[in-house]
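If you want the building blocks of each chain, they are given just below.
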Amino acid sequence: MSDLRRTPLYARHAELGAKLVPFAGWEMPVTYEGVREEHSAVRTHAGMFDVSHMGEVEVEGPGALAFLQRALSNDVAAISLDGAQYSVLCAPDGGVLDDLFAYRLGGDRYLLVTNSANHDADLAELGARARGFDVAVRDVADRYAMLAVQGPHARAIVAGTLGIELPPRMRVATVRLGGRPALACGTGYTGEDGVELLLDPEVAPAIWAELLEAGVVPCGLGARDTLRLEACFHLHGNDLSPERNPIEAGLGWCCKEETAFVGAEAVAAAREGGTAEKLAPFKIEGAGIPRQGNPVMVGEERVGEVTSGSFSPSLEIGVGMAYVRADLAEPGAEVEIDVRGKRRAARIASKPLYESPASRKEK
Amino acid sequence: MPEASYPDDLLYHDQHDWARLEGDEHAVFGITWYAQDSLGEVVFYDPPEPGAAIDKDASYAEVESVKAVSDVIAPLSGEIVEVNEALADAPEKINEDPYGEGWLVKVKLSAPAETDALLGAEEYRKLLDA
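Chains E and W, in that order, are what the protein sequence lines are.
Using my numbering, the letters of the first sequence map in sequence onto residues 1 to 363.
Using my numbering, the letters of the second sequence map in sequence onto residues 1 to 130.
One should not assume that every hint holds.
As the list claims (entries may be wrong) - Where chain W lies over chain E, by a calculated footprint (3+ residues, C-beta under 8 Å):
hint: 1; region: 24-37
hint: 2; region: 222-236
What the hints assert, rightly or not - Here are the computed distance ranges between Cβ atoms for each label pair:
hint: 3; chain 1: E; residue 1: Pro352; chain 2: W; residue 2: Thr115; range: 46 to 56 Å
hint: 4; chain 1: E; residue 1: Pro168; chain 2: W; residue 2: Ala130; range: 54 to 64 Å
hint: 5; chain 1: W; residue 1: Glu123; chain 2: E; residue 2: Asp93; range: 53 to 63 Å
hint: 6; chain 1: E; residue 1: Arg347; chain 2: W; residue 2: Arg125; range: 40 to 50 Å
hint: 7; chain 1: E; residue 1: Arg5; chain 2: W; residue 2: Val69; range: 25 to 35 Å
hint: 8; chain 1: W; residue 1: Ala130; chain 2: E; residue 2: Gly160; range: 41 to 51 Å
hint: 9; chain 1: W; residue 1: Gly120; chain 2: E; residue 2: Glu355; range: 44 to 54 Å
hint: 10; chain 1: W; residue 1: Ser38; chain 2: E; residue 2: Glu15; range: 16 to 26 Å
hint: 11; chain 1: W; residue 1: Ser38; chain 2: E; residue 2: Gly293; range: 16 to 26 Å
hint: 12; chain 1: E; residue 1: Glu301; chain 2: W; residue 2: Asp71; range: 21 to 31 Å
hint: 13; chain 1: E; residue 1: Gly299; chain 2: W; residue 2: Arg125; range: 43 to 53 Å
hint: 14; chain 1: W; residue 1: Ser38; chain 2: E; residue 2: Ala214; range: 24 to 34 Å
In case anyone wonders, no lab produced these hints; they're calculated from the structure.
Beta carbons: idealized from backbone N, C-alpha and C, even for Gly.
Same shape as in the complex, but just chain E (with noise of 0.2 Å):
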């Protein structure tokens, strides 16, 4: 595995006996104790993960939010200073080539974070779109390493153990971590409450051996995975890709068309048109788990496909998201998975699969 990057909290992944994978070009945490157990430490307590293998990318001048809102889908006018925002980058027939975030750190300077797998991509890809633009793209991406402390204690135990004040969701704040200027953001991919630490490598391994310390429990992409998945969260490579626009993804809310952004005429054509398939969520009945892949059938027509299935740890079932006719993507309606060449009944389910106790409350 000598090619993968290693992130800067690798050794402390070794050290707690990690078990390692290749994941989009990095050696990553696949699980330290068990997928199961670390699933439930964010659903009940505290997680943390090492994200440090996502991008980002800086766009600073007078001409970053007239840029932005060229580049990116959702209306970046509306992100306030120290705001965060989700956003899809269309290509010009409204596929999707990732989905990201953009935190605005000062009037005329943001930050996006983007799939590592597609940091590369988006950085030539926001590169050629800059131009014309008075603003600088630059790519940041050694500069952070990546910390999502999630779970319903993430907060009081990162804000009490690290002595920072954390920004409310959907916020972001600089603060300091290990004597360096850091950020925290009050995002997640979890479903649960918690923040995005945005931190500087050196300090990384000191930061994440006290919040182990204070007991968060070190989590790795497996759980990643299966919490994103319970809470319907897309996957770029699963869930979205360039042969989906957003409108069949259900990500027609963070796209506003009129702000007039690269692939705006496709999907607004998509919106107004309706999409032959839906991306829907759905719960297997009895036994068998779904995979990327699998066929949806209904009697002897294939309806779909599913793109991301797992084992719910919350749920004790098989859960996943599939693209389906457009007609049967309404909760209730009753389709089969065909796992490996046994049907397994399935009904489709509302969003999200999985509430936690936590977040129901606050709403």
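Mind docking chain W on chain E? Use the hints.
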């Protein structure tokens, strides 16, 4: 999770399956400590039907962890006479006790001489170390 172990009274298949002979014509099958450790926590065991014929070196069942599916390879040929029903509600027994309560099937062997091709515990351990 127990420590790695490979009991001396079992025969091993290089695809990480074991067989415990019971008399001349019957055997119990399961997966080895190494197999369950590689897979992680087993959350689902999809057993074959009693009466099904199985072939040495071919898949006869599936075990799944949260993230992965693994075929289970038959170490010997025969006919399924019993499946471990307890695993339906407690598939984690495959991790906790892979040679005991985590057994998968009992088989009436159709070609007992096939045992000659299996490995002893010492040979299997060497294979894992290689």
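Checked hints:
For the region 24-37 of chain E, the proposed coverage by chain W is satisfied: 5 residues have a C-beta within less than 8 Å of a C-beta in that chain, meeting the threshold of three. Three residues within the 8 Å Cβ limit are the bar, and the region 222-236 of chain E against chain W gives 3, so the coverage statement holds. For the pair E:Pro352 and W:Thr115, the supplied restraint of 46 to 56 Å holds, since their beta-carbon distance comes to about 52 Å. Checked against the hint of 54 to 64 Å, the pair E:Pro168 and W:Ala130 passes, with Cβ atoms roughly 55 Å apart.
Between W:Glu123 and E:Asp93, the C-beta spacing of about 58 Å keeps the proposed range 53 to 63 Å intact. For E:Arg347 and W:Arg125, the hinted distance range of 40 to 50 Å is satisfied, since their beta carbons lie about 47 Å from each other. Taken as a hint, the range 25 to 35 Å holds for the pair E:Arg5 and W:Val69, whose Cβ atoms sit roughly 28 Å apart. Range check, W:Ala130 to E:Gly160: about 49 Å between beta-carbon atoms, so the 41 to 51 Å window is met.
As the Cβ distance of W:Gly120 to E:Glu355 is approximately 53 Å, the hint placing it in 44 to 54 Å holds. Between W:Ser38 and E:Glu15 the CB atoms are about 21 Å apart, so this pair conforms to the stated range of 16 to 26 Å. A beta carbon spacing of about 22 Å between W:Ser38 and E:Gly293 agrees with the range 16 to 26 Å that was offered as a hint. Evaluation of the 21 to 31 Å hint for E:Glu301 and W:Asp71 yields a pass: the beta carbon distance comes to about 28 Å.
Remark: the range hint 43 to 53 Å for E:Gly299 to W:Arg125 is upheld by a beta-carbon distance near 51 Å. Separated by about 32 Å at the C-beta atoms, W:Ser38 and E:Ala214 satisfy the suggested range of 24 to 34 Å.
In the structure shown, no violation is registered for any of the earlier numbered hints.
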